[in-house]
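Protein chains: 2
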Amino acid sequence: MTNDQITELVVDIAKRARIASLELAALPTETKNNFLLDLAEQLLTQTDAILEANAHDLEAAKSLDLSAPMTERLTLTPERIAAMAEGVRQVAALPDPVGIEIEHLAPPKGFDLRKIRVPMGVIGIIYESRPNVTVDCAVLCLKSGNASILRGGKEAFHSNMKLAAIVQDALRANGIHPDAVQFIPTTDRAALKVLLKQDDTIHCIIPRGGESLIRFTVENSRIPVIKHYTGVCSVYVDATADAEMAEEILINSKCQRPSVCNAAENLIVHQDAAAQLPRLAKALHDRGVELRVDSHARALLAASGLPLVNAWPEDFATEYTDLIIAIAIVPDLKAAIDLINANSSGHTDSIVTADTAAAQNFLTSVDSAAVFHNASTRFSDGFEFGLGAEIGISTDRLHARGPMGLNELCTYTYVLHGTGETR
Amino acid sequence: MTNDQITELVVDIAKRARIASLELAALPTETKNNFLLDLAEQLLTQTDAILEANAHDLEAAKSLDLSAPMTERLTLTPERIAAMAEGVRQVAALPDPVGIEIEHLAPPKGFDLRKIRVPMGVIGIIYESRPNVTVDCAVLCLKSGNASILRGGKEAFHSNMKLAAIVQDALRANGIHPDAVQFIPTTDRAALKVLLKQDDTIHCIIPRGGESLIRFTVENSRIPVIKHYTGVCSVYVDATADAEMAEEILINSKCQRPSVCNAAENLIVHQDAAAQLPRLAKALHDRGVELRVDSHARALLAASGLPLVNAWPEDFATEYTDLIIAIAIVPDLKAAIDLINANSSGHTDSIVTADTAAAQNFLTSVDSAAVFHNASTRFSDGFEFGLGAEIGISTDRLHARGPMGLNELCTYTYVLHGTGETR
Numbered sequence: 001m002t003n004d005q006i007t008e009l010v011v012d013i014a015k016r017a018r019i020a021s022l023e024l025a026a027l028p029t030e031t032k033n034n035f036l037l038d039l040a041e042q043l044l045t046q047t048d049a050i051l052e053a054n055a056h057d058l059e060a061a062k063s064l065d066l067s068a069p070m071t072e073r074l075t076l077t078p079e080r081i082a083a084m085a086e087g088v089r090q091v092a093a094l095p096d097p098v099g100i101e102i103e104h105l106a107p108p109k110g111f112d113l114r115k116i117r118v119p120m121g122v123i124g125i126i127y128e129s130r131p132n133v134t135v136d137c138a139v140l141c142l143k144s145g146n147a148s149i150l151r152g153g154k155e156a157f158h159s160n161m162k163l164a165a166i167v168q169d170a171l172r173a174n175g176i177h178p179d180a181v182q183f184i185p186t187t188d189r190a191a192l193k194v195l196l197k198q199d200d201t202i203h204c205i206i207p208r209g210g211e212s213l214i215r216f217t218v219e220n221s222r223i224p225v226i227k228h229y230t231g232v233c234s235v236y237v238d239a240t241a242d243a244e245m246a247e248e249i250l251i252n253s254k255c256q257r258p259s260v261c262n263a264a265e266n267l268i269v270h271q272d273a274a275a276q277l278p279r280l281a282k283a284l285h286d287r288g289v290e291l292r293v294d295s296h297a298r299a300l301l302a303a304s305g306l307p308l309v310n311a312w313p314e315d316f317a318t319e320y321t322d323l324i325i326a327i328a329i330v331p332d333l334k335a336a337i338d339l340i341n342a343n344s345s346g347h348t349d350s351i352v353t354a355d356t357a358a359a360q361n362f363l364t365s366v367d368s369a370a371v372f373h374n375a376s377t378r379f380s381d382g383f384e385f386g387l388g389a390e391i392g393i394s395t396d397r398l399h400a401r402g403p404m405g406l407n408e409l410c411t412y413t414y415v416l417h418g419t420g421e422t423r
Numbered sequence: 001m002t003n004d005q006i007t008e009l010v011v012d013i014a015k016r017a018r019i020a021s022l023e024l025a026a027l028p029t030e031t032k033n034n035f036l037l038d039l040a041e042q043l044l045t046q047t048d049a050i051l052e053a054n055a056h057d058l059e060a061a062k063s064l065d066l067s068a069p070m071t072e073r074l075t076l077t078p079e080r081i082a083a084m085a086e087g088v089r090q091v092a093a094l095p096d097p098v099g100i101e102i103e104h105l106a107p108p109k110g111f112d113l114r115k116i117r118v119p120m121g122v123i124g125i126i127y128e129s130r131p132n133v134t135v136d137c138a139v140l141c142l143k144s145g146n147a148s149i150l151r152g153g154k155e156a157f158h159s160n161m162k163l164a165a166i167v168q169d170a171l172r173a174n175g176i177h178p179d180a181v182q183f184i185p186t187t188d189r190a191a192l193k194v195l196l197k198q199d200d201t202i203h204c205i206i207p208r209g210g211e212s213l214i215r216f217t218v219e220n221s222r223i224p225v226i227k228h229y230t231g232v233c234s235v236y237v238d239a240t241a242d243a244e245m246a247e248e249i250l251i252n253s254k255c256q257r258p259s260v261c262n263a264a265e266n267l268i269v270h271q272d273a274a275a276q277l278p279r280l281a282k283a284l285h286d287r288g289v290e291l292r293v294d295s296h297a298r299a300l301l302a303a304s305g306l307p308l309v310n311a312w313p314e315d316f317a318t319e320y321t322d323l324i325i326a327i328a329i330v331p332d333l334k335a336a337i338d339l340i341n342a343n344s345s346g347h348t349d350s351i352v353t354a355d356t357a358a359a360q361n362f363l364t365s366v367d368s369a370a371v372f373h374n375a376s377t378r379f380s381d382g383f384e385f386g387l388g389a390e391i392g393i394s395t396d397r398l399h400a401r402g403p404m405g406l407n408e409l410c411t412y413t414y415v416l417h418g419t420g421e422t423r
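From first to last, the protein sequence lines are chains U and L.
Numbering of the first sequence is given in this note's numbering, commencing with residue 1 and proceeding in unit increments.
Numbering of the second sequence is given in this note's numbering, commencing with residue 1 and proceeding in unit increments.
Just chain U, same shape as in the assembly:
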């Protein structure tokens, strides 16, 4: 395609999405849920065809020289397709966020004024190699009354096209505007640049992927972007922390699933709890965690015989997504808070302490989306928070912060019922 053809294609997709979105906003919950249940069924029925498209991508991946984790993310299996279908059913079971009264205001003139939750309109999702994102995002947007435009990575192109076709068929079968979910049928980067300029028709862009994808999106977008950046999360063991609780929370935060954004990357220990460090460090080492220590921690662990690596300042601002942890000793609570605010990605940070005042200070002074007292950072998650399925965990402050569920895919409108009032 020429650049002009790409521009025409993308502008047309965006305009059609906008038109569909106006219909979608008023769609009955039952219609949306029937579509979702049909889609879940179709994903199972068409498992073989999906796997065939995926095999096509996996074959092409060999020549693309993809990394092993990237190939792993790209790979679909009958189990993964079944999990995708189950995810769709779970979204059908969630309450419809649209039309809910958020607030009944008390305006001075006394007319009836309410803030009502409504869909945003059109949401663009930009993602990389995981084909299940196609279905996950399409159904969350649809349930929240939003039209979506999906733009997946080139390595998953055939899988995505097949999944998108199944979504489209299920939309048509349920009498929903087929432009409610559209997939951009080219992986040319020029299409992405055009997409990010359609601020007349697209209302929000959510990039799901690595830092370079997010950076590119922010730098090229005229449309508001909600970022889901890295998670540089810390566990802080305060002076009065219970030793057993500190160990459990630390090990769970670091080791239960080190590859995800709510896993801990840093351990910060109050000097009055320094006696706990050898035990904590051994527990980490026993689970294969590499220990990157500041000079104070090194001194405290010198006698332990554990293998130690020197931590550089930037280690405390790094998301390892691996079995590596940076360890610092601090003189007091304030130093811990300052270290976190200077280095964290504003995702999730946890204090372990028996001191209520210290906990309160930490919870009000650490500037992150989620701040925990005596709990694992791993709880920072839409399901664990009771929000249902999430489209991601926002590290932004505007609109949505932290786990972003169906409510956060909506905006609101002020609805006023008057009796002829004038100013």
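Source of the hints: derived by calculation from the structure; they are not laboratory data.
Please note that the accuracy of each hint is not assured.
A pair counts as met if it fits within one copy or between any two copies, since identical chains are not told apart.
As the list claims (entries may be wrong) - Within a straight-line C-alpha distance of at most 30 Å, the following computed BS3-like cross-link-like pairs (lysine-lysine) qualify:
1. Lys154 - Lys62
2. Lys282 - Lys62
3. Lys193 - Lys62
4. Lys227 - Lys193
5. Lys109 - Lys227
6. Lys197 - Lys227
7. Lys115 - Lys334
8. Lys62 - Lys334
9. Lys15 - Lys334
10. Lys227 - Lys115
11. Lys227 - Lys15
12. Lys115 - Lys193
Let chain U serve as the given structure and place chain L on it in line with the hints.
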């Protein structure tokens, strides 16, 4: 200043604002209010000095060849300074939005999880000729616990510098970090470009000004922007509208203050209410309103003898901010809704009708920040909604939509109290 010096200056301002914001977030309400009351007092005490700085700007304005409305917006008077001080007192009287529990969640594991309102952090305000914006925005940001960076227009430079100095003195006198409110001491456009790239330290940009300023901001910003675009608002007179009520609402919406964003620009009339048009048109004409009519309206008004101008399609998408109105006749409610959704700026639209079902349809199908039934569009305002002072009326969908008060200058954090929970 060289470009390097400008970059250094702006980056330093942004970093200092970020540091100040961490202190501000925990500032007691009383301290903030004492500052506000002091500031109000100082504005009155220093009226002569403010007028002197303003005279300097007005003198320079002569060589800048400013339009009459721009000079009018630039001009300060003792009355305007008193109104500014009164506005600051009103913000002191508003409840503190920070630390308020927005939601007590019910997570499946049963720990205590709350969503607490917290400041955004650092807010950049970019504005044009009105010097009172300096004080209005500084105090709304401060009361909501945010550090602010102000960048006013070159024509108001001396007035702004003087007002900013008074704000700084009042901050110091109340022991508040003086970097909580900073004014950029250069009007070089290079400074604005650098400011808009500081997404590590600035969390939100609010441009207050004309369309070209907003466009420039959106195209150059890596920081999330909340736009306050034009208001293209419509009054729709439905088939069953009460004639007297329709006239009152129309005249109030169009004529009470035609220069503001919540004034109506379009009149749309259902063909079954066409008999009302001559009376409505005459009432508008009697108040000096120019009538731009579509072919149907022209036919209906042919016998009236009123002066008519042909409306072009783009007239229905134009914010006149003047005594001009575009008039269309539609065959049904759906056509009215479509006309509004295709042309409005998503600000405020009102239906006048005695038909509850029609009203409900309009209120759920018109995609605007505020939708009214039987009330003047002029009520779309922070004070009238009971939100207190507003920083503007957002035509965006993310974060804040419609009137944006202190709550909308905040974000939230999830605060979890556990007892050692792990996953």
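Hint check results:
Taking CA atoms no more than 30 Å apart as the test, Lys154 paired with Lys62 passes inside one copy only; the shortest distance there is 13 Å, against 59 Å between copies. Proximity of Lys282 to Lys62 under the C-alpha cut-off of 30 Å is found in neither arrangement, the shortest distances being 41 Å within a copy and 75 Å between copies. With identical chains, the CA atoms of Lys193 and Lys62 are at most 30 Å apart within one copy only, with a shortest distance of 27 Å there and 44 Å across copies. Taking CA atoms no more than 30 Å apart as the test, Lys227 paired with Lys193 passes in both settings, with 17 Å inside one copy and 22 Å between copies.
In this homomeric assembly, Lys109 and Lys227 come within 30 Å of each other (Cα to Cα) only across copies, at 28 Å, whereas the closest approach inside a single copy is 40 Å. Taking the closest pair of Cα atoms, Lys197 and Lys227 come within 30 Å of each other both inside a single copy (17 Å) and across two copies (16 Å). Proximity of Lys115 to Lys334 under the C-alpha cut-off of 30 Å is restricted to the inter-copy arrangement: shortest distance 23 Å between copies versus 40 Å within a copy. Taking the shortest Cα distances, Lys62 and Lys334 never come within 30 Å of each other, neither inside one copy (51 Å) nor across copies (54 Å).
Taking the closest pair of Cα atoms, Lys15 and Lys334 come within 30 Å of each other only across two copies (20 Å); inside a single copy the shortest separation is 52 Å, beyond that limit. In this assembly of identical chains, the alpha carbons of Lys227 and Lys115 lie at most 30 Å apart whether taken from the same copy (26 Å) or from different copies (20 Å). In the homo-oligomer, the alpha carbons of Lys227 and Lys15 lie at most 30 Å apart both inside one protomer (24 Å) and across protomers (21 Å), since each shortest distance falls under that limit. When the C-alpha separation of Lys115 and Lys193 is checked against a cutoff of 30 Å, the pair qualifies neither within a copy, at 35 Å, nor between copies, at 36 Å.
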